[in-house]
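Use the sequences and the hints to build the structure in full.
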Amino acid sequence: MRLPRARGPLTERLVACLQRPPRSHVALARTDGRDAADDALALWILHELHYRGFEDVDDAWEWAPSLMSMRHHLERELEERLRAEYSRSEGSRSGQAGGDEDVVAVLHQLIEADDGPSLADHLLRDGTTEQACQLLRQRSVYHLKEADPTAWVVPRVVGRAKAALMEIQYDEYGAGHHDRVHQDLFAHGLAAAGLSADYGHYVDEARLPILEQNNALSLFGLQRRLRGAALGHFAAFEATSSLPSRTLARALRRLGLPDEMAAYYDEHVEADAAHEQVALRDVCAVLVADEPHLREDVLFGAWACLELEARTARDLLDHWAAA
Amino acid sequence: MAVEEPDVRPAGDGPLRCRPCPGGPLLVRGAAQVQGDDGTWHDTTRPVTAVCRCGASALRPWCDGTHKVLSQRGVNPIE
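Keeping their order, the protein sequence lines are chains V and E.
If you use the numbering used here, the first sequence corresponds to residues 1 to 323, in order.
If you use the numbering used here, the second sequence corresponds to residues 1 to 79, in order.
Hints may contain errors.
Sample of chain E residues facing chain V (criterion: CB under 7 angstroms; computed from the structure) [claimed, not checked]:
| no. | residue |
| --- | --- |
| 1 | Arg46 |
| 2 | Val48 |
| 3 | Thr49 |
| 4 | Asp64 |
| 5 | Val75 |
| 6 | Ile78 |
Here are the in silico distance ranges between beta carbons for each label pair [unchecked claim]:
| no. | chain 1 | residue 1 | chain 2 | residue 2 | range |
| --- | --- | --- | --- | --- | --- |
| 7 | E | Pro20 | V | Ala322 | 45 to 53 angstroms |
| 8 | E | Glu5 | V | Ala60 | 40 to 48 angstroms |
| 9 | V | Asp204 | E | Thr45 | 32 to 40 angstroms |
Simulated from the structure, these hints should not be mistaken for lab results.
Note that CB positions come from ideal geometry on N, CA and C, so glycine has one too.
What follows is the structure, given as structure tokens:
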């Protein structure tokens, strides 16, 4: 992947800077006001240096001290904004009300109370092939690195939670079969559908809520202190996957997309029915038993997963309705 | 609708661990075979597998999350 196109003054400076050899001092300070898409893309680029990097960027930039303060600043803004929204949400009130309640029960309540619109339901009922392809291009920003942000949490938890987390990660990475790696199943589906399967290919068209979903995942994964949020997010993601995946597989077949693409979602119906139970009961409940102070962060992470998906769905449905 | 009690057996010499989830599937760990409605045995290929107990999964013997739809309608047979 090459560096994406800039979306504003911040990413213009960042992209220009990263095309040169690493330097100890760079002038990246934001002086020209805030632009949400510019900020989100800048943070996405900074995070990507820790995944697979860019063909046109020196790998030594990854830990360049001159980039750390910008990353820190953008991450802190995103986290503070999400935490403020969470504290005003219904989910936060129900989480606090259930102070001593089993964290699995509170997570179930959060998930059941989620009333965000469903992209899968729309595509099954009224969607077009072009809308389905646009959704796949948007999803490709994460799905081609599916499970990678969660992998960063593994060294930060211990014992039963670590074993259960690895059980799921092992399945995500094909359970020893290179042709079953979930991110590659998605790539095969894209290629069969005539779309690009190249990692990061569609970032230039990634909509703001998609960039923020990706940034929140990377933020939670990269910071050890946010391991509770990372695993709460992970559990909510797995627990809201089986039924929509079944609907989406039907929708893709109805719209004439190739079986390889629908098969990616078939796989997630079955896999995530098990992952959901393990993530809730053996990862999150055990983590909170081991480290009770992380309970609120687990709920915050779960809320963030549900809320950011609801924003993505509303954004795309509004976009399609306006077209 | 009655609760299904899945028939599970080890596929090899490895340990087999089964645990029911409240309101949901039976979680099966270890190499295992699970019996389908027609009596045939299906191999699990995952480190941990969810086996249907509500009887309504479209993927039986595997769970597909349908017990949650039954719970929303107040007709989930599993406690």
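Taking the hints in turn, this is what the structure says about them:
1. A least Cβ separation of about 6 angstroms between Arg46 of chain E and chain V falls short of the 7 angstroms threshold, and the interface hint therefore holds.
2. The beta carbon of Val48 of chain E comes within 5 angstroms of a beta carbon in chain V, closer than 7 angstroms, and the hint placing it at the interface holds.
3. Taken as an interface hint, Thr49 of chain E checks out: its beta carbon lies about 6 angstroms from the nearest beta carbon of chain V, inside 7 angstroms.
4. For Asp64 of chain E, the interface hint holds, the least distance from its beta-carbon to any beta-carbon of chain V being 5 angstroms, beneath 7 angstroms.
5. The interface hint given for Val75 of chain E is violated, since its Cβ lies 16 angstroms from the closest Cβ of chain V, which is over the 7 angstroms cut-off.
6. At about 13 angstroms, the closest approach between the beta carbon of Ile78 of chain E and any beta carbon in chain V exceeds 7 angstroms, and the interface hint on this residue is violated.
7. Checked against the hint of 45 to 53 angstroms, the pair Pro20 of chain E and Ala322 of chain V passes, with Cβ atoms roughly 48 angstroms apart.
8. A hinted range of 40 to 48 angstroms is violated for the C-beta pair Glu5 of chain E and Ala60 of chain V, which are about 59 angstroms apart.
9. At about 38 angstroms, the CB distance of Asp204 of chain V to Thr45 of chain E agrees with the hint of 32 to 40 angstroms.
Hint compliance for this structure: hints 5, 6 and 8 are not met, and every other hint is.
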